[in-house]
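A.B. asks: Spelled out, the chains give:
Protein chains: 2
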Amino acid sequence: MNEIFSTVNRASEILRIAPRSVREKAIRRIAELITLKEVEILAANRTDIDNAHSLSPAMVDRLTLNSKRLADICASLESIASQPDPVGEILGGHTHPNGMRISKVRVPLGVVGIIYESRPNVTIDCAALCLRSGNACILRGGKEAINSNKTLAAIVSEALSYVGLPKGAVVLLDDPDRSKMLTLIQAVGSVDLIIPRGGENLIKFVTENARVPVVKHDKGLCHIYVDSSADFASSIEIINNAKVSRPSACNAVETVLVHADIADTFLPQLYENLKTSGVTIVTDADWSTEYLSLTVAVRVVENINAAIAHINKYGSGHSDAILTENYSNAQDFLNLVDSACVYVNASTRFTDGGEFGLGAEVGISTQKLHSRGPMGAYDLTTYKYMVYGSGQTR
Amino acid sequence: MNEIFSTVNRASEILRIAPRSVREKAIRRIAELITLKEVEILAANRTDIDNAHSLSPAMVDRLTLNSKRLADICASLESIASQPDPVGEILGGHTHPNGMRISKVRVPLGVVGIIYESRPNVTIDCAALCLRSGNACILRGGKEAINSNKTLAAIVSEALSYVGLPKGAVVLLDDPDRSKMLTLIQAVGSVDLIIPRGGENLIKFVTENARVPVVKHDKGLCHIYVDSSADFASSIEIINNAKVSRPSACNAVETVLVHADIADTFLPQLYENLKTSGVTIVTDADWSTEYLSLTVAVRVVENINAAIAHINKYGSGHSDAILTENYSNAQDFLNLVDSACVYVNASTRFTDGGEFGLGAEVGISTQKLHSRGPMGAYDLTTYKYMVYGSGQTR
Chain C
1 MNEIFSTVNR ASEILRIAPR SVREKAIRRI AELITLKEVE ILAANRTDID NAHSLSPAMV
61 DRLTLNSKRL ADICASLESI ASQPDPVGEI LGGHTHPNGM RISKVRVPLG VVGIIYESRP
121 NVTIDCAALC LRSGNACILR GGKEAINSNK TLAAIVSEAL SYVGLPKGAV VLLDDPDRSK
181 MLTLIQAVGS VDLIIPRGGE NLIKFVTENA RVPVVKHDKG LCHIYVDSSA DFASSIEIIN
241 NAKVSRPSAC NAVETVLVHA DIADTFLPQL YENLKTSGVT IVTDADWSTE YLSLTVAVRV
301 VENINAAIAH INKYGSGHSD AILTENYSNA QDFLNLVDSA CVYVNASTRF TDGGEFGLGA
361 EVGISTQKLH SRGPMGAYDL TTYKYMVYGS GQTR
Chain Y
1 MNEIFSTVNR ASEILRIAPR SVREKAIRRI AELITLKEVE ILAANRTDID NAHSLSPAMV
61 DRLTLNSKRL ADICASLESI ASQPDPVGEI LGGHTHPNGM RISKVRVPLG VVGIIYESRP
121 NVTIDCAALC LRSGNACILR GGKEAINSNK TLAAIVSEAL SYVGLPKGAV VLLDDPDRSK
181 MLTLIQAVGS VDLIIPRGGE NLIKFVTENA RVPVVKHDKG LCHIYVDSSA DFASSIEIIN
241 NAKVSRPSAC NAVETVLVHA DIADTFLPQL YENLKTSGVT IVTDADWSTE YLSLTVAVRV
301 VENINAAIAH INKYGSGHSD AILTENYSNA QDFLNLVDSA CVYVNASTRF TDGGEFGLGA
361 EVGISTQKLH SRGPMGAYDL TTYKYMVYGS GQTR
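Read top to bottom, the protein sequences are chains C and Y.
Just so it is clear: in the first sequence, position 373 is 373 by the numbering used here, and no numbers are missing.
Just so it is clear: in the second sequence, position 136 is 136 by the numbering used here, and no numbers are missing.
Hints are computed from structural coordinates only; laboratory data are not their basis.
Any given hint could turn out to be false.
To be verified - Straight-line C-alpha distance at most 30 Å; calculated BS3-like pairs for lysine-lysine: (1) C:Lys180 - Y:Lys313; (2) Y:Lys104 - C:Lys219; (3) Y:Lys275 - C:Lys180; (4) C:Lys180 - C:Lys68; (5) Y:Lys104 - Y:Lys180.
Said to hold, decoys possible - Example chain C residues on the side facing chain Y (calculated, C-beta under 10 Å, incomplete): (6) Val214; (7) Cys341; (8) Val344.
Glycine residues also receive a C-beta, built at the ideal position from the N, C-alpha and C atoms.
Please work from the sequences and hints to get the whole structure.
C.D. replies: Okay, here's the thing in structure tokens:
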């Protein structure tokens, strides 16, 4: 690992000062190569799927690439390449009474380590967002996606060489050995940030063992609260979408809370709709389960305060929605639910870097420090104060 | 500790939605009470100083309060009370093509734990910055300042009661037992952020044992590099100021690097000046020592690149300055030194929340995540995305 750390850190010094045009050209070249090599990528992905005997349908869905998903990845790449450059942005500043000019300037973090599972598109999204933000990165994907990831990482290397950037700017750790992951998350001085994306076990392992600062992408235990004033037809459509459109996603709804006053009338209609879509209803859950499947928990609550208390107690601080026609209840929900994304009258499924205008995401932070919610290129930066003096002393 | 955690968390729910006028009134009331009770505060501080037999002169200096320092604290309080309110600031947002309005809104973190040593003004600065940012806080000061801190914390409590805020909004842990500190830094779910300010042992203990996210305020190993084109008279004045004006401060210079071409002419003048101020010169140091006293290390370097490499290797990422008349060297230094604050032709002593316009500081972050450099009220916030929909599904 020491050799990898020094390679990546040398590359990071070059990335830090690489012109934006070069970084953008690299990102666009990745998209071109993905289009050119679609057959090769899908063949590697087919091998991974064929090997995925023990995975759940949700995990196989996450693992799967196809022409549509590759086109989506290329659209993300174009979106990332055409974003404003975060590097060098002047965030603010002022002139001290003594005449010194103090500027706060956005700069890359340096080296970012990203640990993830299953979804091979993460390899490309993260490489591109790190290039956009001037960071080098070490990617450690899941062993179930190893063939897909190796093929995609080779494409990234080719694109880096094409524009004259060092290949060490994006390194894939293709050794599934967990001890190497441990070395990665404890490499203080060699790695500036670790982003774990994945199941509870992975997050737990990383947060308990890391010495490098972590921004975690924890589970998504998302709620929808149906207030007594909610529009039934729209509510049913939103809940169905939030559960059924991609149950394996972390922004899918897991628990529906329903105001007691409408339970008798609303729930039969909701259940009929969900059962048609193959959804299993659980009404006596432990409220802490992330199903990631066509299963949803339903609980009747006395009022909006009980709903907010339930969400703040059992939720994961990811995405929660209220469905209501009552203005004050909408405002209370937005103010009092302590989550990264709070919605009124919309599906929780929108919590996503692409949907939020970030091009793609390096993860969805469920913590409050550094970044919260979908993380894009800006979230992979820090800042420094540059002070222009003329002999000032204090 | 469980009782403290629940008291503080209940207070945090109130603080989160407390009007800015109430929070500002509490901050101004603290200043009024400090002025009214100066005799009582200085008597308590005298007791601490009398007990401080084993402390170094630098530590006693940090511990000491006097009329001038109390007046400075009151000026900080007024500055904090008259700052723009960070809570509720709309950081940005856009309307999704489907019509949803997505706003990024600044919100308090919740509960902040601050662990510090010696300087009793930290008690007031941190309480005020937490009130400014809508956070409740748990303060754990050093046992050497316990009498000063208890008196100051009682004043904060009185101010909170005066404006109708819960006393649990600012809690002083007055038990020096280290096991309570351990409980504090591992209280995931009860505490949102830990800020340690202090010596290396404290920082090491906290970063190695914390489960709650940490923004560390590490040592300040600050450098001044004297380039070959530097103005001698101004350079000597800046170096003298950076070492002598308050050697116990973390922004004091510890190592001076001098370009080889001017060493023979510049160093004798510098040494003469520093010796007059009682400064000891060390030329064969291990380069990693934070003296915090009237001692400075001096090293001759071949050129600016060697200076930058030295700083990035031995520095603590705090504050580093170049003294030069060469424009390109100034820019290279600003771009390539990877520290929170980089200066041209000014003393490192300006790295300070008050000097940077933050009113005061809750610490000076030497890490890149969340906040870097002097931390004020804005650094004690996170954000959430509020999404206003009208039935949107994905």
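A.B. asks: Could you run down the list of hints and mark each one as holding or not?
C.D. replies: How the hints compare with the structure:
1. C:Lys180 - Y:Lys313: 25 Å, holds
2. Y:Lys104 - C:Lys219: 22 Å, holds
3. Y:Lys275 - C:Lys180: 52 Å, violated
4. C:Lys180 - C:Lys68: 34 Å, violated
5. Y:Lys104 - Y:Lys180: 36 Å, violated
6. Val214: 8 Å, holds
7. Cys341: 4 Å, holds
8. Val344: It holds, given that the least Cβ distance between Val344 (chain C) and chain Y is near 5 Å, below 10 Å.
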